[in-house]
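Engineer: Single-letter residue listing:
Protein chains: 2
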Amino acid sequence: MNFLNEVSQRFPEAVSFAAGRPFEGLFDTELVHRHLRRYTEHLMERFDGDVTLVRRTVLQYGRTKGIIHDLIAKNLAVDENVVVDPESIVVTVGCQEALFLTLRALRRTEQDCLLTVLPCYVGVAGAAELVDMPLLPVQGSPAGIDLADLVEVVRRAKESGLRPRALYVVADFANPSGISLDLETRQQLLRLAAEHDFLLLEDNPYGIFHAPDTEPLPTLKALDRDRRVVYLGSFAKTGLPGARIGYVVADQLVGDGNGGTQSLADQLAKIKSMLTVNTPPVAQAVIGGKLLEHDFSLRAANAPENAVYQENLRHLLAGLAERFGPDRRPGVSWNVPTGGFFVVMDVPFPVDDELLELSARRHRVLWTPMHHFYGDGEPRHQIRLSFSYLTPEQITVGLDRLAEFVDEQCEENGTTAPNQGGHL
Amino acid sequence: MNFLNEVSQRFPEAVSFAAGRPFEGLFDTELVHRHLRRYTEHLMERFDGDVTLVRRTVLQYGRTKGIIHDLIAKNLAVDENVVVDPESIVVTVGCQEALFLTLRALRRTEQDCLLTVLPCYVGVAGAAELVDMPLLPVQGSPAGIDLADLVEVVRRAKESGLRPRALYVVADFANPSGISLDLETRQQLLRLAAEHDFLLLEDNPYGIFHAPDTEPLPTLKALDRDRRVVYLGSFAKTGLPGARIGYVVADQLVGDGNGGTQSLADQLAKIKSMLTVNTPPVAQAVIGGKLLEHDFSLRAANAPENAVYQENLRHLLAGLAERFGPDRRPGVSWNVPTGGFFVVMDVPFPVDDELLELSARRHRVLWTPMHHFYGDGEPRHQIRLSFSYLTPEQITVGLDRLAEFVDEQCEENGTTAPNQGGHL
Chain C
1 MNFLNEVSQR FPEAVSFAAG RPFEGLFDTE LVHRHLRRYT EHLMERFDGD VTLVRRTVLQ
61 YGRTKGIIHD LIAKNLAVDE NVVVDPESIV VTVGCQEALF LTLRALRRTE QDCLLTVLPC
121 YVGVAGAAEL VDMPLLPVQG SPAGIDLADL VEVVRRAKES GLRPRALYVV ADFANPSGIS
181 LDLETRQQLL RLAAEHDFLL LEDNPYGIFH APDTEPLPTL KALDRDRRVV YLGSFAKTGL
241 PGARIGYVVA DQLVGDGNGG TQSLADQLAK IKSMLTVNTP PVAQAVIGGK LLEHDFSLRA
301 ANAPENAVYQ ENLRHLLAGL AERFGPDRRP GVSWNVPTGG FFVVMDVPFP VDDELLELSA
361 RRHRVLWTPM HHFYGDGEPR HQIRLSFSYL TPEQITVGLD RLAEFVDEQC EENGTTAPNQ
421 GGHL
Chain R
1 MNFLNEVSQR FPEAVSFAAG RPFEGLFDTE LVHRHLRRYT EHLMERFDGD VTLVRRTVLQ
61 YGRTKGIIHD LIAKNLAVDE NVVVDPESIV VTVGCQEALF LTLRALRRTE QDCLLTVLPC
121 YVGVAGAAEL VDMPLLPVQG SPAGIDLADL VEVVRRAKES GLRPRALYVV ADFANPSGIS
181 LDLETRQQLL RLAAEHDFLL LEDNPYGIFH APDTEPLPTL KALDRDRRVV YLGSFAKTGL
241 PGARIGYVVA DQLVGDGNGG TQSLADQLAK IKSMLTVNTP PVAQAVIGGK LLEHDFSLRA
301 ANAPENAVYQ ENLRHLLAGL AERFGPDRRP GVSWNVPTGG FFVVMDVPFP VDDELLELSA
361 RRHRVLWTPM HHFYGDGEPR HQIRLSFSYL TPEQITVGLD RLAEFVDEQC EENGTTAPNQ
421 GGHL
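Sequences listed follow chains C and R, in order. Counting from 1, position 66 in the first sequence corresponds to residue 66 in our numbering; the numbering is continuous, with no gaps. Counting from 1, position 393 in the second sequence corresponds to residue 393 in our numbering; the numbering is continuous, with no gaps.
Take the hints with a grain of salt, since some may be wrong.
Said to hold, decoys possible - Listed next, the in silico DSBU-like pairs over lysine-lysine satisfying Cα-Cα at most 35 Å (straight line): (1) C:K270 x C:K158; (2) C:K158 x R:K74; (3) R:K270 x R:K158; (4) R:K270 x C:K270; (5) R:K270 x C:K158; (6) C:K74 x C:K270; (7) R:K270 x R:K74.
What the hints contain is simulated information worked out from the structure, not anything from laboratory work.
Could you build the full structure based on these sequences and the hints that come with them?
Structural biologist: Given below as structure tokens:
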């Protein structure tokens with residue numbers, strides 16, 4: 001993603017549908033102080049006023065598995081109906097460290113590999129690269145994942161001596177596709193994971209950002225009855241990005257190397273002790289305070305942010321329909337997620353990084369070429385539009401510029417019919 | 001170190017010479033608020049009062065290489081007479097992440113390995129294990145390192161097809177030995193590194209904790225004229241452990257994989273983007289504020305802490321002399337560092353984890369068996385005494401108990417003569 005950051009910096013006047021960052025309009029540094037005070041008050045109560053213990057908890061080297069694991073367990077119960085032992089939680093430096101720890105633990109031999117659904121969040125390829133773990137891509141589909149292909153990929157992998165340890169999957173409003181899995185698909189995934197003996201690494205950064213009038217589907221972890229799901233959590237979008245706190249729920253039992261068993265969480269903690277030792281207690285305290293202030297519900301805490309994202313999503317979808325209605329430009333279409341941060345747009349021309357640069361230079365609008373999420377560098381006829389970071393006014397201006405860009409490209413490519421043009 | 005933590009928890013009434021943690025007597029959670037405010041005021045000035053930019057810097061996803069790199073560069077200039085480009089600094093989650101990133105970058109092939117001086121800080125073995133990098137041990141000596149053995153180890157490694165990429169070294173008050181290298185040894189190390197083409201990974205967590213009336217020796221980085229030294233820094237002891245901030249200065253030029261060159265810092269940042277993405281800006285801000293408050297001098301900021309450590313060191317050395325004077329107990333001796341956190345004591349009997357447990361249970365005193373720093377599990381006739389975490393009163397009580405334990409062991413082992421007894 002270095003190239004994308006670089007383009008963003010070179011064209012500061014461009015409207016950016018590229019940045020998947022949380023909205024900044026509600027940021028306030030005073031909140032850090034408030035959350036921190038709330039957490040230290042909580043510790044004062046818990047330690048019966050022993051200020052030495054309070055100071056030690058927040059200011060000293062801390063427990064490798066974290067200091068707010070108990071509060072996170074309460075959050076999972078309140079928001080996700082997921083009941084886990086706090087001891088099965090490891091608090092991490094963002095979700096990315098949780099992913100790294102998990103892959104490092106799963107990669108024991110050259111045969112261990114990871115299943116990913118295409119298109120896939122780029123952080124997964126990064127973590128896998130760091131631990132030298134091969135990726136086995138599984139075809140995506142309009143429903144999120146092609147289950148027949150999943151079975152086929154697993155079968156072929158095993159035949160060739162590989163050992164698929166886990167499938168990385170985002171069940172709710174995936175990055176980049178915006179797609180959520182339906183209940184049937186979730187249940188099928190759990191069934192297939194048990195049948196073919198692999199884990200599900202469920203990453204859930206966007207799940208709480210759904211339409212307020214819709215009932216969210218249960219996460220894979222909420223449906224998990226036999227500890228098939230390792231749950232990766234992030235407070236980057238729901239807590240505070242600058243605290244950089246994530247976590248992993250790893251309640252699986254694994255070998256301890258001495259003939260006994262231990263929890264996967266304890267195995268991850270051992271790896272973490274060699275990697276970052278512990279997650280900054282000061283930063284954990286900030287997230288702990290926010291959880292306490294909102295009675296452990298980040299759904300409640302994020303009502304204002306979610307209103308922004310939902311309004312932006314409505315505005316983006318309406319603006320797309322207005323500018324690229326069915327007859328206006330053949331080959332242009334987009335999916336219609338009901339939440340999250342992303343919409344994917346099909347265009348009738350192949351999209352690479354050069355085209356992004358042209359879009360930035362000539363039209364002052366940025367977006368993300370979808371080939372970055374396929375890992376093969378092959379240009380796709382798709383772009384990702386992120387709407388989390390913008391105001392409705394910026395979205396309007398950005399869509400006007402995007403329409404100019406698409407019109408220009410359609411004309412230069414001489415596309416007339418929707419798919420043929422696009423895929424020539 | 002899990003075993004040591006476990007023993008500490010099982011014997012909370014024991015006096016612990018085991019914990020190498022910073023002194024807690026000066027901890028105050030209000031300092032977190034104060035430092036944070038100082039840093040945000042600094043940003044307000046820097047951004048001409050643009051509160052959006054201030055909030056973005058502290059609260060949003062941040063720059064992978066960090067947000068306080070400029071302040072760290074000033075700290076290095078003021079405290080260490082080391083002048084570096086802020087762009088060569090990567091701010092990390094403790095020094096341990098800096099170590100991991102560096103080893104991950106240096107380990108490119110199966111032939112790449114790391115030189116370490118025995119005894120060695122256990123975090124090095126941990127990071128090396130995570131990146132599957134073999135360690136090549138070099139003999140320590142009363143002066144810190146056996147340079148002839150270093151040359152021999154490098155020669156033999158190259159002969160057998162290995163590629164020693166770097167030597168991990170703590171030049172000032174090493175953990176666990178407490179030894180500092182003299183100026184001649186520092187210069188020799190730089191010369192040998194150039195001659196045999198390896199880097200020096202200089203870790204410096206304790207350098208500023210020296211006797212106030214002594215002039216500190218220049219760090220290896222301060223003596224480095226041709227970018228042979230990668231400097232690993234930590235604010236865990238000098239800033240605030242709970243912020244968990246470290247950094248690495250990596251001003252070397254390396255290949256970028258496309259036929260060009262890039263700085264090692266940029267290569268480390270790329271790895272970091274796949275590992276933790278960025279170091280919590282909120283935690284960096286706390287350290288940034290502390291640096292600003294003390295005009296970038298952590299030597300000045302830590303005068304009160306250093307007074308505690310120096311007084312503890314004097315008290316420990318005097319107490320050891322009192323209880324184990326030359327004629328009192330043959331085979332018992334200790335080194336006499338002038339700073340840092342650690343003293344190493346020779347005893348006339350082999351020391352393993354079982355003996356620590358006995359010491360904890362029967363005498364209520366903890367310390368660290370030295371074999372943990374050799375990585376071979378072979379019991380040594382040595383223990384590490386850490387004095388950073390205790391008060392003089394606790395040290396007195398602890399030494400009384402330690403004397404009981406040592407007396408008991410000497411009698412049980414029937415040792416009479418100093419070295420023979422110890423090494424039989």
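Engineer: All hints, please: hold or fail.
Structural biologist: Hints and how they fare:
For the given pair, C:K270 sits about 29 Å from C:K158 by alpha-carbon distance, which is consistent with the 35 Å threshold. For the hint pairing C:K158 with R:K74, the CA-to-CA distance comes to about 55 Å; that exceeds 35 Å, so the pair is violated. Restraint check for R:K270 and R:K158: satisfied, since their Cα atoms lie roughly 29 Å apart, inside the 35 Å limit. Distance check on the hinted pair: R:K270 and C:K270 sit about 24 Å apart at the alpha-carbon level, within 35 Å; holds.
Distance check on the hinted pair: R:K270 and C:K158 sit about 33 Å apart at the alpha-carbon level, within 35 Å; holds. Distance hint between C:K74 and C:K270 is fulfilled; the C-alpha atoms sit about 24 Å from each other, no more than 35 Å. A hinted pair counts as satisfied when its Cα atoms are at most 35 Å apart, and R:K270 with R:K74 qualifies at roughly 24 Å.
The structure fails to meet hint 2 from the earlier list, while all remaining hints are met.
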